[in-house]
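**Q** The residues making up each chain are set out below.
There are 4 protein chains.
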Amino acid sequence: MTKTKKNKIINDPIYGFITLERGIIFDLIEHPYFQRLRRITQLGLSYLVYPGAYHTRFHHALGCMFLMKKAIQQIRNKGHEITEKEAEALKIAILLHDIGHGPFSHALENSIVNNISHEHLSSLFMNKLNEEFNGKLDLAIKIFNNKHPKKFLHQLVSSQLDMDRLDYLKRDSFFTGVTEGNIGTERIINMLDVVKDKLVIEEKGIYSIEKFLIARRLMYWQVYLHKTVLSAENTLIKILKRAKDLIQKGEPLSSSKSLGLFLKKNYNLNDFTKNQELLEVFSNLDDHDIYSCIKDWQCHSDIILSYLCRSILNRKPLKIKIQNTIFSEQIVEKIKQETKNKLKINEEEVQYMVFTEKVSNNAYQYSKDRLNILMKNGDIKDISDASDQFNIEALNKTVNKYFLCYPNVPNK
Amino acid sequence: MTKTKKNKIINDPIYGFITLERGIIFDLIEHPYFQRLRRITQLGLSYLVYPGAYHTRFHHALGCMFLMKKAIQQIRNKGHEITEKEAEALKIAILLHDIGHGPFSHALENSIVNNISHEHLSSLFMNKLNEEFNGKLDLAIKIFNNKHPKKFLHQLVSSQLDMDRLDYLKRDSFFTGVTEGNIGTERIINMLDVVKDKLVIEEKGIYSIEKFLIARRLMYWQVYLHKTVLSAENTLIKILKRAKDLIQKGEPLSSSKSLGLFLKKNYNLNDFTKNQELLEVFSNLDDHDIYSCIKDWQCHSDIILSYLCRSILNRKPLKIKIQNTIFSEQIVEKIKQETKNKLKINEEEVQYMVFTEKVSNNAYQYSKDRLNILMKNGDIKDISDASDQFNIEALNKTVNKYFLCYPNVPNK
Amino acid sequence: MTKTKKNKIINDPIYGFITLERGIIFDLIEHPYFQRLRRITQLGLSYLVYPGAYHTRFHHALGCMFLMKKAIQQIRNKGHEITEKEAEALKIAILLHDIGHGPFSHALENSIVNNISHEHLSSLFMNKLNEEFNGKLDLAIKIFNNKHPKKFLHQLVSSQLDMDRLDYLKRDSFFTGVTEGNIGTERIINMLDVVKDKLVIEEKGIYSIEKFLIARRLMYWQVYLHKTVLSAENTLIKILKRAKDLIQKGEPLSSSKSLGLFLKKNYNLNDFTKNQELLEVFSNLDDHDIYSCIKDWQCHSDIILSYLCRSILNRKPLKIKIQNTIFSEQIVEKIKQETKNKLKINEEEVQYMVFTEKVSNNAYQYSKDRLNILMKNGDIKDISDASDQFNIEALNKTVNKYFLCYPNVPNK
Amino acid sequence: MTKTKKNKIINDPIYGFITLERGIIFDLIEHPYFQRLRRITQLGLSYLVYPGAYHTRFHHALGCMFLMKKAIQQIRNKGHEITEKEAEALKIAILLHDIGHGPFSHALENSIVNNISHEHLSSLFMNKLNEEFNGKLDLAIKIFNNKHPKKFLHQLVSSQLDMDRLDYLKRDSFFTGVTEGNIGTERIINMLDVVKDKLVIEEKGIYSIEKFLIARRLMYWQVYLHKTVLSAENTLIKILKRAKDLIQKGEPLSSSKSLGLFLKKNYNLNDFTKNQELLEVFSNLDDHDIYSCIKDWQCHSDIILSYLCRSILNRKPLKIKIQNTIFSEQIVEKIKQETKNKLKINEEEVQYMVFTEKVSNNAYQYSKDRLNILMKNGDIKDISDASDQFNIEALNKTVNKYFLCYPNVPNK
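Protein chains in written order, with the working numbering: chain G, 1 to 412; chain P, 1 to 412; chain X, 1 to 412; chain E, 1 to 412.
Don't take every hint at face value.
Copies of the same chain look alike in the list, so a pair counts if it fits in one copy or across any two.
[Said to hold, decoys possible] In silico DSSO-like pairs for lysine-lysine, Cα to Cα no more than 30 Å straight-line: (1) Lys78 with Lys136; (2) Lys316 with Lys257; (3) Lys336 with Lys376; (4) Lys321 with Lys381; (5) Lys358 with Lys316; (6) Lys321 with Lys198; (7) Lys381 with Lys198; (8) Lys8 with Lys198; (9) Lys376 with Lys397; (10) Lys69 with Lys85; (11) Lys227 with Lys198; (12) Lys8 with Lys85; (13) Lys381 with Lys397; (14) Lys8 with Lys70; (15) Lys8 with Lys78; (16) Lys78 with Lys196; (17) Lys397 with Lys204; (18) Lys204 with Lys70; (19) Lys69 with Lys381; (20) Lys274 with Lys147; (21) Lys344 with Lys321; (22) Lys150 with Lys136; (23) Lys336 with Lys249; (24) Lys241 with Lys257; (25) Lys376 with Lys8; (26) Lys69 with Lys204; (27) Lys340 with Lys376.
In short, the hints are calculated from the structure, not lab data.
Pulled out of the complex, with its shape left as it was, chain G reads as follows (with noise of 0.2 Å):
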């Protein structure tokens, strides 16, 4: 980080420079909330496949304000107003989109709380910071939760074609090397126009639309729910869930303190608002909790857990098959059966080794939002009836696997 008389500017292997302003975003990025995503990887266990893949939390929040930037520059161009406090609001709603997220991102979203998802975290600190702030986070907290009369203001942060989207998949793609999923994020950003209060994309910028919902789709498969990916992680799930039930059996289990409170206990939306303090423990936490924990675990008496936390550090995942119907009841039985034998585990220890899992994608959500092409002509289209390639079928199918994970134990 460079210091110019006025602003601070950060190197950024994709974009080149990051211009910070001084200012409230400025003291936003400084606030322990926001450095806690320095230790927040993006993509959780996705570099057990690509080493590349450590990028933060940190690091993606700034590149979509960037690119927020580009965008708010452009739309004023087509000659629509945003001013200057709608502005500083769109970067601060998409600064802190992900500031709720927990741990290994997505991958423990739904195994250190309960039935939270991280926009609802998202929220709660937005809140947190306003009152820290004095009031100056509210228009961007109205952004954020849709309850500003400027609908496509939301829409920039958070619409299928929001500023994470398309930082996202051009960082992921970047780091992780899967030079496939790139996508032309600044034409995507050159070719936005307003409507009707509402975004579209002018209609010379369709094949860059096609583009990034392929790309959009093959990062999916290829990296965020690829094989190896998954076992991961659904592994690492089932380390939270056996410590969980250890420690909630009395069996003693080392943890950080912040981490161990929410292992002690299964605290849902209610929790949060009734007890403030509880946010605050929960800032506390970041992927080193875990590590250390599976680090300390992998030599524990309980050999599923000590097992698990080992597959992960040694990378030696479970075994995974994947297949386009669910499995068959009788040949997760027979795997299970297997597996008991050999490790001599009991029937409830082998729910931890042995399952199965649905994933699904779908590159583009019809019912959802649409995204809307601007034809020369005025009119404006979905991009199922804009495309002469993409139909709407093909796009609205929701694309389901079924995996299946077990422990690679050799017969003797």
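Since the structure of chain G is already known, use the hints to place chains P, X and E on it.
**A** Same frame as chain G, now just chains P, X and E:
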């Protein structure tokens, strides 16, 4: 170019260094027929839209050879034999696959000679070189013409996934700056395998193939068939046509000697086989022959010719409209009438100024050779069956577009 | 080129997108004088060594303008005034700074006209355009000629660290693939400041400046003065000289009309000011005029001319030796004698075939304008004092090399 | 990671794909000792300044091996024998050259153990692995320790131009986004040759070597010794020191079991050789051990420890001043006094808060092994003689800088 003890190394902004082995490969590259490709741009007049797009057939051919070496290595690693002689032949075949291109590559493919594809001319050149090199190109020619029993070798030179396409998409994307057209060349080559004498792609490369097909389509509409490029290249065709007409009517028109021959008469394939000299004359042609003509002709007394030449030189291409349906005769007639009045030209002359054409593209041609995917269970599936996203109808659909060009004559 | 509502956007493989504002800037770019730069390569015959190096003066000029906009923004951010009028003038001045270049840029700078630098010709073109545009270029011309009171503005256009150098090093490095010549353009611009009407670099940018000086030197020896390029470009100079001699002796020699004029007579600056037409004729010249000549002349009966032309076209440049000391007269004489014998040419003719020249380069010219570093304590130091590595002697040292060219005639 | 029939392929954002061969190489990579490197960052706390710099020793080691393969190929192409066994040994040696690094790489090199360099520890690990792999590492260890008669092999592993440096400069430049530190790895490797059992660089690679030396220097001052990084890493050292002091005084302090051992006692090389267990305990350490401590200790009752820990976690490093001369005792004393008063700490405690150190760098160490240039005439010259720019004095000059750290305590 830098000499090492044995080989020459060439800097390529895309692949880094390309090594040229001493021997026949090196001698072919030194031959004037091949050196001529330095003076033929890969993308015709696309540089009028993409000012970086001046790369040449020479550079492309070297790139293809570089990829061919990688592919040979991969396929051998997978346990399939490619003999040393076959490897050399493959490199020769891909090096020379475009040697028959005339000035401006595809743009003038049917304007200088009559109904002779550049592949035909490449064949003629290869035969000629084979004589000079005492039969050392025999096997390369066999592979090029698909007469060699190992059919998959021909596929590396010419098929839906040949080294030609892998290089040109990457290269054209690079030099135009249309980054979205970039493809995962290296990954695709790593996924190549051979089953029953057919080139296949391993299943886990399926997303890269989807990406490749989408990128190809994107490059077609965004670069190769960009409307300004379409207008300019069709204008160029009209210039040649007008010049031929004038010359054949006896009008004196300056040109290089070699080009003059082809302006005076329309030669067909038969002429080339009867008259060995013709190929030699053709081998003198490159982009400069055309440029020096249009530079000279911009002052010609024929107002059609001079108007069209100036429109290229000063980048004032004819106006162009593109639509998905054919242009009605009334509209075309109306514009012709207006143009005749404004420019005071007659019915014959207006044909050069106002014209309509069709352009087509389909991402994948099911009817031609297949893009085969090797499934994990050993099955071979066509990409359209193997992909859960693409469907055969959409892929196979030929997209037709129609364009109408006309001069931009301001009203008085 | 893509139209948005107001501006045009151009894809640049280096910077991404370059926006062209409507108005005078846009109109200048559309002018035939400027469009001509599309047909003048930036690096002359370097493409014979670096096959990607076909980029043009047109592309470079747009790149410079892009950087100028960045620089203006930075300097304003540091609290220094650059008025809107000055900003426009800066963009015009940098856009047109190379408009006087003739075919092959520097290679033929003294072959077509006599002792007229391209800067002189750029001035003539700017004055001409200023007339056409009713004085709108007044301020740009003042800045270009360093007649504007704010001196630092001129430095942005022409100095040791102007936008010209920042662009050409980056661009030439990119297209040649000599990645080591790449420079930190963006960082350097971020470090710009102004003190007492002088451009300075903040102290923490010192390593970037050192890097820039080294990269520049590397590009000189590895690209601009690469021995094959030296040989080829000096051969080109001899071709022009021979052609002029033959023509001036009355020998008929084909060429474009415009080039013909300059072959027949050696014009100087005085001729250009007396005869307004001359500039117009010069504005018709580009690389194609030269190419069509050498293509035609390769069959000319003068064996000197035809030999040299073929050596360029078929990439068989004259052999070249480079050394740090001057070549002894005996050696030169000996080679001349051998060449005369082998090729059966006379003393006058051998001057075109065997010749020796000096090339020089120094990384930094202390005597000219300075590269000023703004130290943290507010002092201004010359880079050679501020750097702990570079010393003034080494930086200032002019490196001279000598080369000797001669034909590669095999012994019988 | 993708399996092909025989090998595994890893995506590297820098080199594209790295192939891991089955066999000993693959088995070493799978070993927990090597997998541990996934949890040790290459650049310690540099990510506080360069938010992309989270890459690991694991990634770097794979990169080195990739370059080693290229170098082996080149040197063989130049006609020098490297047997298959030697090639494997070279790959093993470079893969394991950094395996002895502890948490935060260099930053804590002398804080966890006493006077044991990471090279020493690497040696210990290699010997241990050699036992496990039944002597298969014999030759690799010989080469690593320069006991193999072919001396140039050792130079590929460790010298002024080894594969280690070629990878880390490129990789650190890539992930920090300091593009100016990028080097021409591929070109340098292409220029490698061997003369009289010594690694040399062909003369025409001289500019690349100059560039490499300059880039290395730039990376030192701009990244490795960046003042904020210096401050943060020295703070980290003080944290470890403080923790050791407290523990050794009997103060209870949480930590992982393995780290605890090293906090309680200062082990030296002798201890490691006497007690085989110690290495095993050391092999459990990685960045997470340190992080979980400083996260926990930020609330410790010792105000020195908690202050320093918070300064890292919240990115509020100690203030730092850098200058070319030593700081006068008076100044240091004055700041210590102020700090003592403000923070109400004693003389012993202030040592952790206010301290001064020296950092040094010289681009090239003439006294150590040489960077030999193979001149065209066959002579071997040291780079400082061969280069017309660099002079031996400047290159050899050790640049010393001094820094002073102190807390930023606002005046009341």
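**Q** Decide, hint by hint, whether the structure agrees.
**A** Here's how the hints hold up against the structure:
Taking the shortest alpha-carbon separations for lysine 78 and lysine 136, both the intra-copy value of 28 Å and the inter-copy value of 27 Å come in at or below 30 Å. For the homomeric pair lysine 316 and lysine 257, the shortest alpha-carbon distances inside one copy (29 Å) and between copies (23 Å) are both at most 30 Å. Proximity of lysine 336 and lysine 376 under a CA criterion of 30 Å is satisfied inter-copy only: 24 Å between copies versus 60 Å inside one chain copy. With identical chains, the CA atoms of lysine 321 and lysine 381 are at most 30 Å apart between copies only, with a shortest distance of 20 Å across copies and 40 Å within one.
For the identical chains of this complex, lysine 358 and lysine 316 are intra-copy neighbours only, at 22 Å inside a copy versus 44 Å across copies, given an alpha-carbon limit of 30 Å. Taking CA atoms no more than 30 Å apart as the test, lysine 321 paired with lysine 198 passes between copies only; the shortest distance there is 28 Å, against 43 Å inside one copy. For the identical chains of this complex, lysine 381 and lysine 198 are intra-copy neighbours only, at 12 Å inside a copy versus 42 Å across copies, given an alpha-carbon limit of 30 Å. Within a single copy, lysine 8 and lysine 198 get their C-alpha atoms only as close as 33 Å, which misses the 30 Å cut-off; across copies the closest is 24 Å, which meets it.
Taking the closest pair of Cα atoms, lysine 376 and lysine 397 come within 30 Å of each other both inside a single copy (29 Å) and across two copies (23 Å). Taking the closest pair of Cα atoms, lysine 69 and lysine 85 come within 30 Å of each other both inside a single copy (13 Å) and across two copies (26 Å). Taking CA atoms no more than 30 Å apart as the test, lysine 227 paired with lysine 198 passes between copies only; the shortest distance there is 28 Å, against 38 Å inside one copy. Proximity of lysine 8 and lysine 85 under a CA criterion of 30 Å is satisfied in both settings, with 21 Å inside one chain copy and 29 Å between copies.
Taking identical chains as interchangeable, the C-alpha atoms of lysine 381 and lysine 397 lie at most 30 Å apart whether they share a chain (19 Å) or sit on different chains (21 Å). Both within a single protomer and between protomers do lysine 8 and lysine 70 lie at most 30 Å apart by alpha-carbon distance, with minima of 18 Å and 16 Å respectively. Proximity of lysine 8 and lysine 78 under a CA criterion of 30 Å is satisfied in both settings, with 29 Å inside one chain copy and 12 Å between copies. With identical chains, the CA atoms of lysine 78 and lysine 196 are at most 30 Å apart within one copy only, with a shortest distance of 14 Å there and 39 Å across copies.
Taking CA atoms no more than 30 Å apart as the test, lysine 397 paired with lysine 204 passes in both settings, with 26 Å inside one copy and 21 Å between copies. Proximity of lysine 204 to lysine 70 under the C-alpha cut-off of 30 Å is found in both arrangements, the shortest distances being 19 Å within a copy and 27 Å between copies. In this homomeric assembly, lysine 69 and lysine 381 come within 30 Å of each other (Cα to Cα) only inside a single copy, at 27 Å, whereas the closest approach across copies is 36 Å. For the identical chains of this complex, lysine 274 and lysine 147 are intra-copy neighbours only, at 24 Å inside a copy versus 69 Å across copies, given an alpha-carbon limit of 30 Å.
Proximity of lysine 344 and lysine 321 under a CA criterion of 30 Å is satisfied intra-copy only: 23 Å inside one chain copy versus 62 Å between copies. In this assembly of identical chains, the alpha carbons of lysine 150 and lysine 136 lie at most 30 Å apart only when taken from the same copy (19 Å versus 41 Å across copies). Only within a single protomer do lysine 336 and lysine 249 lie at most 30 Å apart by alpha-carbon distance; the minimum there is 24 Å, versus 52 Å between protomers. Proximity of lysine 241 and lysine 257 under a CA criterion of 30 Å is satisfied in both settings, with 18 Å inside one chain copy and 24 Å between copies.
Taking the shortest alpha-carbon separations for lysine 376 and lysine 8, only the inter-copy value of 16 Å comes in at or below 30 Å, while the best intra-copy value is 41 Å. Proximity of lysine 69 to lysine 204 under the C-alpha cut-off of 30 Å is found in both arrangements, the shortest distances being 22 Å within a copy and 26 Å between copies. When the C-alpha separation of lysine 340 and lysine 376 is checked against a cutoff of 30 Å, the pair qualifies only between copies, where the shortest distance is 29 Å, while the shortest distance within a copy is 65 Å.
Of the numbered hints stated above, none is contradicted by the structure.
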